[in-house]
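Visitor: Given the structure of chain A, go ahead and fit chain B onto it with the hints provided.
Number of protein chains: 2
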Amino acid sequence: MLIQMKVNDFLEELASNSPAPGGGSISALAGSLGGALAAMVCRLTIGNSKYAEVQSEVEAILTEADQLRGELARCVDADTEAFNKVMDAYKLPKATDEEKAARSKAIQQAMQHAANLPLGVAESSLKVLKLAGRVLSIGNSNAASDAAVAGLMAHAGLHGALYNVKINLGSIKDEAYITATQAKVKEIIEQDNKLHAELLATAAKVIG
Amino acid sequence: MLIQMKVNDFLEELASNSPAPGGGSISALAGSLGGALAAMVCRLTIGNSKYAEVQSEVEAILTEADQLRGELARCVDADTEAFNKVMDAYKLPKATDEEKAARSKAIQQAMQHAANLPLGVAESSLKVLKLAGRVLSIGNSNAASDAAVAGLMAHAGLHGALYNVKINLGSIKDEAYITATQAKVKEIIEQDNKLHAELLATAAKVIG
Numbered sequence: 001m002l003i004q005m006k007v008n009d010f011l012e013e014l015a016s017n018s019p020a021p022g023g024g025s026i027s028a029l030a031g032s033l034g035g036a037l038a039a040m041v042c043r044l045t046i047g048n049s050k051y052a053e054v055q056s057e058v059e060a061i062l063t064e065a066d067q068l069r070g071e072l073a074r075c076v077d078a079d080t081e082a083f084n085k086v087m088d089a090y091k092l093p094k095a096t097d098e099e100k101a102a103r104s105k106a107i108q109q110a111m112q113h114a115a116n117l118p119l120g121v122a123e124s125s126l127k128v129l130k131l132a133g134r135v136l137s138i139g140n141s142n143a144a145s146d147a148a149v150a151g152l153m154a155h156a157g158l159h160g161a162l163y164n165v166k167i168n169l170g171s172i173k174d175e176a177y178i179t180a181t182q183a184k185v186k187e188i189i190e191q192d193n194k195l196h197a198e199l200l201a202t203a204a205k206v207i208g
Numbered sequence: 209m210l211i212q213m214k215v216n217d218f219l220e221e222l223a224s225n226s227p228a229p230g231g232g233s234i235s236a237l238a239g240s241l242g243g244a245l246a247a248m249v250c251r252l253t254i255g256n257s258k259y260a261e262v263q264s265e266v267e268a269i270l271t272e273a274d275q276l277r278g279e280l281a282r283c284v285d286a287d288t289e290a291f292n293k294v295m296d297a298y299k300l301p302k303a304t305d306e307e308k309a310a311r312s313k314a315i316q317q318a319m320q321h322a323a324n325l326p327l328g329v330a331e332s333s334l335k336v337l338k339l340a341g342r343v344l345s346i347g348n349s350n351a352a353s354d355a356a357v358a359g360l361m362a363h364a365g366l367h368g369a370l371y372n373v374k375i376n377l378g379s380i381k382d383e384a385y386i387t388a389t390q391a392k393v394k395e396i397i398e399q400d401n402k403l404h405a406e407l408l409a410t411a412a413k414v415i416g
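Protein sequence lines, in the order shown, are assigned to chains A and B. Numbering follows this note's numbering, in which position 110 of the first sequence is assigned residue number 110; successive positions increment by one, without gaps. Numbering follows this note's numbering, in which position 107 of the second sequence is assigned residue number 315; successive positions increment by one, without gaps.
Warning: the hint list may mix true and false statements.
[Unchecked claim] Residues from chain B that keep clear of chain A, each with C-beta distances beyond 12 angstroms, as calculated:
#, residue
1, R251
2, P301
3, D305
[Stated by the list, open to error] Just the calculated beta-carbon pair ranges, DEER-fashion:
#, chain 1, residue 1, chain 2, residue 2, range
4, B, E306, A, A201, 43 to 49 angstroms
5, A, E57, B, E306, 42 to 48 angstroms
6, A, M1, B, R282, 23 to 29 angstroms
7, B, L408, A, N48, 37 to 43 angstroms
8, B, S224, A, A95, 39 to 45 angstroms
9, A, T96, B, S264, 41 to 47 angstroms
10, A, E53, B, Q316, 31 to 37 angstroms
11, B, S264, A, S18, 21 to 27 angstroms
12, B, S349, A, Y177, 20 to 26 angstroms
13, A, A201, B, E221, 28 to 34 angstroms
Simulated from the structure, these hints should not be mistaken for laboratory data. Backbone N, C-alpha and C fix where the C-beta goes; we use that ideal spot for every residue, glycine too.
Next comes chain A alone, as it looks inside the complex (with noise of 0.2 angstroms):
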């Protein structure tokens, strides 16, 4: 498992002339290195008196961002699963129609199945970029560079990831697979935006 490595190997790794790991799986990383940095914004606010009007909303945000690292730490691996398969769906034999129509029919779900990860993915990101945002806002201002570090995280990983989806599109039949897709691509790169502006404001509020 990638999650499994050292760092730096996993470095190595990637940057190795093996088309796997690749931008899918470091959009999930990303992302989970934003939920992970809001968590530890959280839990260095978590039992702070001057923090005490906000504990609850900080240990609820502390809760999902726990959660969502977890999520897309998994998505590290899952995501070059995913490539993988769509590879092993083109090695299948293609000799006869009936094989030929097999071998498409597997293309076709292998794509499908990498192109609804990466959208998890910027799903769960965007949702880590809110935590972000909300967490600078609120919680404690020593660790505000860390909180608005997790949310360009969150932002890069969502964007990274979209980028994945846009690119399996490509090679998917299905129209209203595609139309229903791109429409939730757009949806997830609108909130994004907003969210986004959200959290360079708030930063450049409270650091400069």
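Guide: Chain B alone, transformed into the frame defined by chain A:
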């Protein structure tokens, strides 16, 4: 060392209630992930006859990307060490006037180091962003989303690092240092704005 930890353990440690590692280390990691992904795209381009015309340029990008990935990975630990040195300086004795002066000097020195480090991370991440944009334009188009994600990671690492520069500047008293550093920050942001916009435009053209 942080980069010798397993990815999953690193995420766990990051989310803990200890302020280090924090956003500074994660910004360096994001830049390093960008460097590694850019290097992968180079390796998937070199030796492919379709890209014969750009071989020597891509080889040069690869050399630089590998070097930046290593440099930025070392900054993951160096940033946390720099933060810990600031904390150590604050713990110095302050009973006598002499001790107070020595402590204040040690804090200022540690703070400048803790600001210089992410400034270097931002500069290296800017280089990664430039390389990622170039390899997105001329490299293997099958890895276009990987090159785009490499650029997004570098851009996020750069801004994350600059938040860490700014937050440390707030505790530094040397006006000449502050002015010089703010000028560098401004220049990095200007170059990033340009390169990031170019990356997004190229990605929109190539990926959709």
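Visitor: Holds or violated: the 23 to 29 angstroms window for the beta-carbon distance between A:M1 and B:R282?
Guide: holds (25 angstroms)
Visitor: That 43 to 49 angstroms hint for B:E306 and A:A201 (C-beta), does it hold up?
Guide: Since the Cβ atoms of B:E306 and A:A201 sit about 45 angstroms apart, the hinted range of 43 to 49 angstroms holds.
Visitor: Should the hint that A:E53 and B:Q316 are 31 to 37 angstroms apart at their CB atoms be regarded as holding?
Guide: At roughly 35 angstroms between Cβ atoms, B:Q316 and A:E53 fall inside 31 to 37 angstroms, so the hint holds.
Visitor: Between the beta carbons of B:S224 and A:A95, is the distance compatible with 39 to 45 angstroms?
Guide: The hint (39 to 45 angstroms, Cβ to Cβ) is violated, given that B:S224 and A:A95 are roughly 56 angstroms apart.
Visitor: Against chain A, does B:R251 hold up as non-interface, every C-beta pair farther apart than 12 angstroms?
Guide: violated (4 angstroms)
Visitor: Take the C-beta atom of B:S349 and the C-beta atom of A:Y177, compute their distance, and say whether it sits inside 20 to 26 angstroms.
Guide: holds (24 angstroms)
Visitor: Confirm or reject the statement that B:D305 sits farther than 12 angstroms, beta carbon to beta carbon, from all of chain A.
Guide: At roughly 28 angstroms from the nearest Cβ of chain A, B:D305 sits farther out than 12 angstroms, so the non-interface label holds.
Visitor: Closest CB-CB distance from B:P301 to chain A, is it above 12 angstroms?
Guide: Since the minimum Cβ distance to chain A is about 23 angstroms, B:P301 lies beyond 12 angstroms and the statement holds.
Visitor: 41 to 47 angstroms was suggested as the range; check whether the CB atoms of A:T96 and B:S264 agree with it.
Guide: Holds, at about 45 angstroms.
Visitor: Please check whether A:A201 and B:E221 have a Cβ separation lying inside 28 to 34 angstroms.
Guide: holds (31 angstroms)
Visitor: Is it true that B:L408 and A:N48 lie within 37 to 43 angstroms of each other by Cβ?
Guide: holds (39 angstroms)
Visitor: That 21 to 27 angstroms hint for B:S264 and A:S18 (C-beta), does it hold up?
Guide: The hinted range 21 to 27 angstroms holds for B:S264 and A:S18, with Cβ atoms some 23 angstroms apart.
Comparing the model with each numbered hint stated earlier shows that hints 1, 8 do not hold.
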